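Same order as they appear, the protein sequences are chains B and P.
Just so we're aligned, residue 1 is where the first sequence starts under our numbering, counting upward by one.
Just so we're aligned, residue 298 is where the second sequence starts under our numbering, counting upward by one.
Hints in this document: simulated from the structure, not taken from any laboratory.
Be careful, since some hints might not be right.
What the hints assert, rightly or not - Ranges of calculated distance between the beta carbons of each label pair, as one might list FRET restraints:
id: 1; chain 1: P; residue 1: A491; chain 2: B; residue 2: N200; range: 54 to 60 angstroms
id: 2; chain 1: P; residue 1: K379; chain 2: B; residue 2: Y122; range: 39 to 45 angstroms
id: 3; chain 1: B; residue 1: Y122; chain 2: P; residue 2: A491; range: 50 to 56 angstroms
id: 4; chain 1: P; residue 1: K379; chain 2: B; residue 2: I125; range: 53 to 59 angstroms
id: 5; chain 1: P; residue 1: K379; chain 2: B; residue 2: P154; range: 51 to 57 angstroms
id: 6; chain 1: B; residue 1: S183; chain 2: P; residue 2: E569; range: 52 to 58 angstroms
id: 7; chain 1: P; residue 1: E342; chain 2: B; residue 2: R132; range: 24 to 30 angstroms
id: 8; chain 1: P; residue 1: A491; chain 2: B; residue 2: G124; range: 41 to 47 angstroms
id: 9; chain 1: B; residue 1: R132; chain 2: P; residue 2: H582; range: 34 to 40 angstroms
id: 10; chain 1: P; residue 1: K386; chain 2: B; residue 2: L110; range: 26 to 32 angstroms
No experiment lies behind these values; they were computed from the predicted model shown.
Backbone N, C-alpha and C fix where the C-beta goes; we use that ideal spot for every residue, glycine too.
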Amino acid sequence: MAEELIYKNEVSTRVEGYWYLVGKHLKKHKLAIFSIVLLSVIILLCVVGPYFTRYTMNEMGNATTDVLQVPSLKHLFGTDELGRDVFTRVLLGGRISLLVGFSSVFSALLVGIIVGAYAGYYGGILDTVLMRFTDIMFSIPVLPLLVVLSSVIPGAGVWKIVLIIALFGWMTDARIIRGMFLSLRESEYSEAAKAIGASNTRIIWRHLLPNALAPIIVSATLGVGGNIIYEAALSYLGFGVMPPTPSWGNILQNAQYAMAIAPWLVWTPGLAILITVIAFNFLGDGLRDAMDPRLYR
Amino acid sequence: MEKNEILVDVKDLKTYFFTDDGVVEAVDGVSFTIKRGEVLGLVGESGCGKSVASLSIMRLIDKPGKIVGGEVIFKGEDLLKKTEEEIRKIRGSEIAMIFQEPMTSLNPVFTIGNQIIEAILLHQDLSEEEAKKRTIELLNLVGIPEPERRFNQYPHELSGGMRQRAMIAMAISCNPDLLISDEATTALDVTIQAQILELMKDLQKKIGMAVLFITHDLALVAEMANNIAVTYTGKIVEYSDARSVFKNPKHPYTYGLLRSVPSLLFEETKVELPAIEGMVPSPYHMPQGCHFSPRCPFATDICRREMPEIEELLAGHYVRCFHPVKVSKEAI
Numbered sequence: 001m002a003e004e005l006i007y008k009n010e011v012s013t014r015v016e017g018y019w020y021l022v023g024k025h026l027k028k029h030k031l032a033i034f035s036i037v038l039l040s041v042i043i044l045l046c047v048v049g050p051y052f053t054r055y056t057m058n059e060m061g062n063a064t065t066d067v068l069q070v071p072s073l074k075h076l077f078g079t080d081e082l083g084r085d086v087f088t089r090v091l092l093g094g095r096i097s098l099l100v101g102f103s104s105v106f107s108a109l110l111v112g113i114i115v116g117a118y119a120g121y122y123g124g125i126l127d128t129v130l131m132r133f134t135d136i137m138f139s140i141p142v143l144p145l146l147v148v149l150s151s152v153i154p155g156a157g158v159w160k161i162v163l164i165i166a167l168f169g170w171m172t173d174a175r176i177i178r179g180m181f182l183s184l185r186e187s188e189y190s191e192a193a194k195a196i197g198a199s200n201t202r203i204i205w206r207h208l209l210p211n212a213l214a215p216i217i218v219s220a221t222l223g224v225g226g227n228i229i230y231e232a233a234l235s236y237l238g239f240g241v242m243p244p245t246p247s248w249g250n251i252l253q254n255a256q257y258a259m260a261i262a263p264w265l266v267w268t269p270g271l272a273i274l275i276t277v278i279a280f281n282f283l284g285d286g287l288r289d290a291m292d293p294r295l296y297r
Numbered sequence: 298m299e300k301n302e303i304l305v306d307v308k309d310l311k312t313y314f315f316t317d318d319g320v321v322e323a324v325d326g327v328s329f330t331i332k333r334g335e336v337l338g339l340v341g342e343s344g345c346g347k348s349v350a351s352l353s354i355m356r357l358i359d360k361p362g363k364i365v366g367g368e369v370i371f372k373g374e375d376l377l378k379k380t381e382e383e384i385r386k387i388r389g390s391e392i393a394m395i396f397q398e399p400m401t402s403l404n405p406v407f408t409i410g411n412q413i414i415e416a417i418l419l420h421q422d423l424s425e426e427e428a429k430k431r432t433i434e435l436l437n438l439v440g441i442p443e444p445e446r447r448f449n450q451y452p453h454e455l456s457g458g459m460r461q462r463a464m465i466a467m468a469i470s471c472n473p474d475l476l477i478s479d480e481a482t483t484a485l486d487v488t489i490q491a492q493i494l495e496l497m498k499d500l501q502k503k504i505g506m507a508v509l510f511i512t513h514d515l516a517l518v519a520e521m522a523n524n525i526a527v528t529y530t531g532k533i534v535e536y537s538d539a540r541s542v543f544k545n546p547k548h549p550y551t552y553g554l555l556r557s558v559p560s561l562l563f564e565e566t567k568v569e570l571p572a573i574e575g576m577v578p579s580p581y582h583m584p585q586g587c588h589f590s591p592r593c594p595f596a597t598d599i600c601r602r603e604m605p606e607i608e609e610l611l612a613g614h615y616v617r618c619f620h621p622v623k624v625s626k627e628a629i
């Protein structure tokens, strides 16, 4: 009986899990919630929208009557110089732009995690080598090199753009993760994991990485927005996604020739990029605040 | 399994730290043996190399530290000669460890159950289901109520005492032969401390594991240990069975430690609590001769010149001192 009593005292009151708390704090961040809703709508529109529009991507209208139409009920965003429906093309372009944004962030993150985790965990020479390499990659002027690379690497696929953007996007992640691992490897649970006989690889991937998740998620969220911009810039310069495959960047580029007489062609892809990137940035900001460990420790 | 079989035989273990400010001899020629099912208490002030000694046995010393000499014979084999792969198989299965800080030794992002299951699956060939069953058994064994519910809780949802119980469950999950408890109860408050100690004593008898019990708290060792090794500045200064050390301390340091334990007696007689004068010397500037000599009331010239060797003063009672204390503790 007495023992039972002692046990009862030892049981602490129930505390909610970390992700529940993150969600709770995120809800207070109105802009972030608004961004989530906005992004969901944009992603949903881009993914399922094209199935419901009346036009296909490259369907051209009548050469005289359907070219450069002002937005109307028939063509929500008007038509371009070939008489294609801009609404359909912006939705399809969104698919490509978002795909590039997400997959380049994902690939960059993979490289960044591997480089950062091993450099931070092992330290010493490996750390020096990997981090100096990161520094070198950082000091390369990216945009000109992106342009050069995209003309040097053969092929015109979307994956080429993903590869090129990822190639120059992993360094920030690597630095963040290295910093996290430098402190995590000194943690007592890292030592405790060693004491139960876990291998270094296991400690890195299973024990420490989940603890570094918060900054990774924030960085990834902000990264998607940044990489959409990169894709747009590359496509705008004519080195990105090749027409007739639409992306927000090359729709924009395509539009500039007719800008003086058909400004709506610039407005829609431009706004799509702007809104999406801003939404990702707000969301990243909100996540950073919500995941701030100082709120929970 | 023979009762008197020597399980661990640490011989002249030396672990040094090579820092920018110089070499720190954290563990300098420590030797002791632990028999199967026996409890050895390793006692000393903070910074005298107790933890480093235990980490050296597990081969968990990181740079700038290095094990520079000695042998750790465990079940007849030298752990210091094993490959990283081999030692990893021993860690957690044959030698387990409980750390000082139950608050931070558990990974905050995994549930208690998950972490114990991992320790089990790393060394035992069980299915997830069996491991889960075993985990709940273990949680029950270490006195965690409602183990099924606790299984799915995160460390931050448990109190310090509960977490330490979970750590113990993890440590004993593979029935280790040796359990190293590194100040395992220090961070807990006294009532919980007593419970955890009781639990460890209980489990030690049930499982029959040997325990290396590291602490700075003499009262705890008295509760737990068969033998006691008192360390000072990386060296063992006195080593004997618990009774002899407590009743008949021979080294002035042990003598001083035992005298400085507060008791209600002092309250009544209004005598000031005797303390050991001075401080533990800086690891970078060890005094010449016996390291304890600057603080020792009995020190003579030879103490300041030479480091005494550890000698068997009485049968089984080893002391590192030129002038062992002659009075028994009761005479104080």
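Checked hints:
1. A491(P) to N200(B): 54 to 60 angstroms: violated (38 angstroms)
2. K379(P) to Y122(B): 39 to 45 angstroms: violated (21 angstroms)
3. Y122(B) to A491(P): 50 to 56 angstroms: At 42 angstroms between Cβs, range violated.
4. K379(P) to I125(B): 53 to 59 angstroms: Given range 53 to 59 angstroms: violated, Cβ gap about 25 angstroms.
5. K379(P) to P154(B): 51 to 57 angstroms: holds (52 angstroms)
6. S183(B) to E569(P): 52 to 58 angstroms: About 45 angstroms separates the Cβ atoms of S183(B) and E569(P), which means 52 to 58 angstroms is violated.
7. E342(P) to R132(B): 24 to 30 angstroms: The hint (24 to 30 angstroms, Cβ to Cβ) is violated, given that E342(P) and R132(B) are roughly 43 angstroms apart.
8. A491(P) to G124(B): 41 to 47 angstroms: Check passed, 44 angstroms falls within 41 to 47 angstroms.
9. R132(B) to H582(P): 34 to 40 angstroms: holds (38 angstroms)
10. K386(P) to L110(B): 26 to 32 angstroms: holds (31 angstroms)
Checked against the numbered hints given earlier, the structure breaks hints 1, 2, 3, 4, 6, 7 and satisfies all the rest.
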